[in-house]
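Everything in the sequence shown is counted per the numbering used here, starting at 20 for the first residue and increasing by one.
Keep in mind the hints are simulated off the structure, nothing from the lab.
One thing to keep in mind: the hints can contain errors.
[Unchecked claim] Distance condition first, Cα-Cα at most 16 Å in a straight line; then the derived EDC-like pairs of lysine to aspartate or glutamate:
hint: 1; residue 1: K222; residue 2: E189
hint: 2; residue 1: K149; residue 2: E205
hint: 3; residue 1: K222; residue 2: D107
hint: 4; residue 1: K128; residue 2: E64
hint: 5; residue 1: K128; residue 2: D65
hint: 6; residue 1: K102; residue 2: E86
hint: 7; residue 1: K23; residue 2: E68
hint: 8; residue 1: K63; residue 2: E30
hint: 9; residue 1: K149; residue 2: E161
hint: 10; residue 1: K21; residue 2: E68
hint: 11; residue 1: K102; residue 2: E221
hint: 12; residue 1: K39; residue 2: D117
hint: 13; residue 1: K143; residue 2: E161
hint: 14; residue 1: K63; residue 2: E124
hint: 15; residue 1: K39; residue 2: E64
hint: 16; residue 1: K21; residue 2: D65
hint: 17; residue 1: K63; residue 2: D117
hint: 18; residue 1: K102; residue 2: E76
hint: 19; residue 1: K58; residue 2: E22
hint: 20; residue 1: K150; residue 2: E205
hint: 21; residue 1: K128; residue 2: E68
hint: 22; residue 1: K143; residue 2: E86
hint: 23; residue 1: K135; residue 2: E76
hint: 24; residue 1: K102; residue 2: E84
hint: 25; residue 1: K215; residue 2: E189
hint: 26; residue 1: K135; residue 2: E161
From a predicted model like this one, the values you see are computed outputs, not experimental measurements.
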Amino acid sequence: MKEKIIISALEQFLRFGVRKVTIQQIIYPLGLSTHAVYKYFASKEDLVEACLLVQYERLFQQYQEIEGRVTNPVLLLFQLYQKLMSLDFAINPVFYSDLNRYYPELQDKVLDNEIKRFGPFFFKIIEAGKKQGYIQANVPTEIFAVALNAVYRLLTRSNTYELFESSPFELANHTVGLYIRGACTEKGIREIEINKSLTLFEKPRA
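From just these sequences and the hints, can you work out the full model?
Right, dumping it as structure tokens:
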């Protein structure tokens, strides 16, 4: 039952944001009482935390699936960020603004915990890219990974680019895409050029 409550809450949070969704709205499709929710979660914040953990677990599983299909490290970086972007833009932006405004400490807590597995995951890919000659050997692995994530978050979690008329996906090609490309060797750049269909940020087709 706990898992059903989390899934119901997460679906509604992603659609409508966190603040406006009430416990009553969460339990309505499940036919439960508010008592059932508070049996598992002491507060709405505890429920939000559980939802974030599920959301990141889903993302990590999808990353692992992509890793199993894409063997080239540079192409893999593009594919991972394309997946992340397609997921982010399927979510109501109010979800993230609510987290930033009402649950900043909780969000930081969850992110600090999740970086323990997402960090090494990306470090491994970057190291493989360096060893295989696709990424410049003098690129600091951890700094590159953190900076790449920061470039992405400026695009999706801030209003930095709102004055531009370009779509988020066009902007991604000129920010995230260029940043990855800039760390590549000639061999890596050739791979990007040959596989443009895999390295171009485009809005997912319905």
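What hints, given by number in increasing order, does this structure fail? none
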